[in-house]
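Engineer: Under mature numbering (1 follows the signal peptide of the UniProt record, and there is no 0), residues -15 to -1, 1 to 277 are what the sequence shown spells out, in order.
Derived by calculation from the structure, the hints in this document are not laboratory data.
Take the hints with a grain of salt, since some may be wrong.
The list that follows gives simulated cross-link-like pairs (lysine-lysine, BS3-like), each with its CA atoms no further than 25 Å apart [unchecked claim]:
(1) K4 / K202
(2) K122 / K154
(3) K138 / K202
(4) K4 / K176
(5) K148 / K176
(6) K176 / K107
(7) K154 / K77
(8) K108 / K135
(9) K135 / K119
(10) K185 / K119
(11) K202 / K77
(12) K135 / K185
(13) K207 / K108
(14) K202 / K161
(15) K122 / K148
(16) K148 / K138
(17) K161 / K207
(18) K122 / K77
(19) K77 / K119
(20) K185 / K122
(21) K138 / K185
(22) K4 / K119
What follows is a set of in silico ranges between Cβ atoms, one per label pair, in the way DEER data are often shown [to be verified]:
(23) M151 / E93: 33 to 43 Å
(24) L3 / I240: 47 to 57 Å
(25) N215 / Q80: 49 to 59 Å
(26) F129 / L211: 18 to 28 Å
(27) D35 / N215: 54 to 64 Å
(28) K122 / I242: 55 to 65 Å
Each residue gets a CB set at the ideal place from its N, CA and C atoms; glycine is no exception.
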Amino acid sequence: MINILFISLISFVNTLSLKQVLLAIDCGGQESFNSNEGYLYQDDQYFSGDSRVSDYTYNDVALAGISYTFNPRVYFTERHGNSFDYSIPINKNGQYTIILQFVELYFENEGERQFDVFVGTKKILNNLSIIDSKHQKGSAKEVFIYIEIKDDKVFYDNEECNKGFMNGKLKIGFRKGAADLPKIDGIVIVKGHNAGEEEKNYLIDNWEVMQEENRKKEAELKRAELEAQNMIVPDLVEEDQGEGFFSFLLSPIGIGIITFGLAVFAFLIFTGEKEEENNKKKNKKDKKDKKK
């Protein structure tokens, strides 16, 4: 069976690779699954603090489709609460990108939910609103945070994030801001700073065009799959006319036409023979009448 979400990736190549993704978490999710790029989203773990889980799998907006993403499943569940953290294990020094994944499935307007994001005690995002000029209710939003870990310390924008890296774990915090509660749908930790932010922006700006291209590719591949299963007769082309005609003759319609033709032919022969026999009898009778 064709995986429709995988087909969508034909027209959009993310720079993320399996080697780059260190860890991915489906926040609020109870089961692990593979993304369409091939890396693993783990079930929800490494969290602490005052939080709870919501599942929007059967939410009307979620069922209608999460825009700006080829991995909608990660946005069906969330973790939210007054104040909570994720302490994510990282074993080596180096540059990393934190990708925070959000979608708003409850509020309608920008600013109705605002919250802060920390690395350690350093505030990285202030009064973040998931809904903004480019993101509406039901559209996936990714925030890219570029950090560096060295000598058991984590740095953001060349400034140390105090208590951001302790006992081999990177601490990411979510705190209440100007409105409602903080939430998070997914966290991806990527090695290096080439995590696909430009490609994500391109996807958002060209989403409708890409969706139309994907629908066409999906229809083409579905048709190819049906043809491979002999569920439909492929369109005839000039070089395959002989093969197509032969296939038609072997089809139920072709066999029916042949059978009918043979029956008509047999009837005509039988009628002709009877007429000829009657003519012979008539000639014999005429000859006898003349002799008399």
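Engineer: Confirm or reject each hint.
Structural biologist: These are the hints, each one checked on the structure:
For the hint pairing K4 with K202, the CA-to-CA distance comes to about 28 Å; that exceeds 25 Å, so the pair is violated. Note on K122 and K154: the hinted pairing is violated, with a Cα-Cα distance of about 33 Å set against a maximum of 25 Å. Under the criterion of a C-alpha separation no larger than 25 Å, the hint pairing K138 with K202 is inconsistent with the structure, at around 47 Å. Restraint check for K4 and K176: satisfied, since their Cα atoms lie roughly 8 Å apart, inside the 25 Å limit.
With a C-alpha separation of about 21 Å, the suggested pair K148 and K176 falls inside the 25 Å cut-off, and the hint holds. Proximity of K176 to K107 is assessed by CA-CA distance (about 21 Å); at most 25 Å being required, the pair is judged to hold. Only pairs whose Cα atoms come within 25 Å are accepted, and K154 paired with K77 is accepted, the gap being roughly 10 Å. Under the criterion of a C-alpha separation no larger than 25 Å, the hint pairing K108 with K135 is consistent with the structure, at around 20 Å.
Taking the CA atoms of K135 and K119, the gap is about 35 Å. The hint is violated against a cut of 25 Å. For the given pair, K185 sits about 12 Å from K119 by alpha-carbon distance, which is consistent with the 25 Å threshold. Note on K202 and K77: the hinted pairing is violated, with a Cα-Cα distance of about 42 Å set against a maximum of 25 Å. Pair hint K135 plus K185 does not hold up; C-alpha atoms about 28 Å apart against a cutoff of 25 Å.
In summary, the hint linking K207 to K108 is not supported, as the alpha carbons are separated by about 48 Å, beyond the 25 Å threshold. Distance hint between K202 and K161 is unfulfilled; the C-alpha atoms sit about 44 Å from each other, more than 25 Å. As the CA atoms of K122 and K148 are separated by approximately 34 Å, the hinted pair breaks the 25 Å bound. Only pairs whose Cα atoms come within 25 Å are accepted, and K148 paired with K138 is accepted, the gap being roughly 8 Å.
At roughly 47 Å between alpha-carbon atoms, K161 and K207 are farther apart than 25 Å, so this suggested pair is violated. For the given pair, K122 sits about 38 Å from K77 by alpha-carbon distance, which is inconsistent with the 25 Å threshold. Between K77 and K119, the direct Cα distance comes to roughly 36 Å. Violation of the 25 Å bound is thereby established for this hinted pair. For the suggested pair K185 and K122, the alpha carbons sit about 18 Å apart, so the restraint of at most 25 Å is met.
Restraint check for K138 and K185: the C-alpha separation of about 29 Å exceeds 25 Å, so the hint is violated. At most 25 Å may separate the alpha-carbon atoms for a hinted pair to count; K4 and K119 exceed this at roughly 30 Å. For the pair M151 and E93, the supplied restraint of 33 to 43 Å holds, since their beta-carbon distance comes to about 39 Å. Restraint check, L3 to I240: a C-beta distance of roughly 53 Å satisfies the suggested window 47 to 57 Å.
Between N215 and Q80 the beta carbons are some 53 Å apart, a value that agrees with the proposed interval 49 to 59 Å. Between F129 and L211 the beta carbon distance is about 41 Å. The supplied range of 18 to 28 Å is therefore violated. Taking 54 to 64 Å as the suggested C-beta distance range, the pair D35 and N215 conforms, at roughly 59 Å. A C-beta distance of roughly 58 Å is found between K122 and I242, which places it inside the suggested range of 55 to 65 Å.
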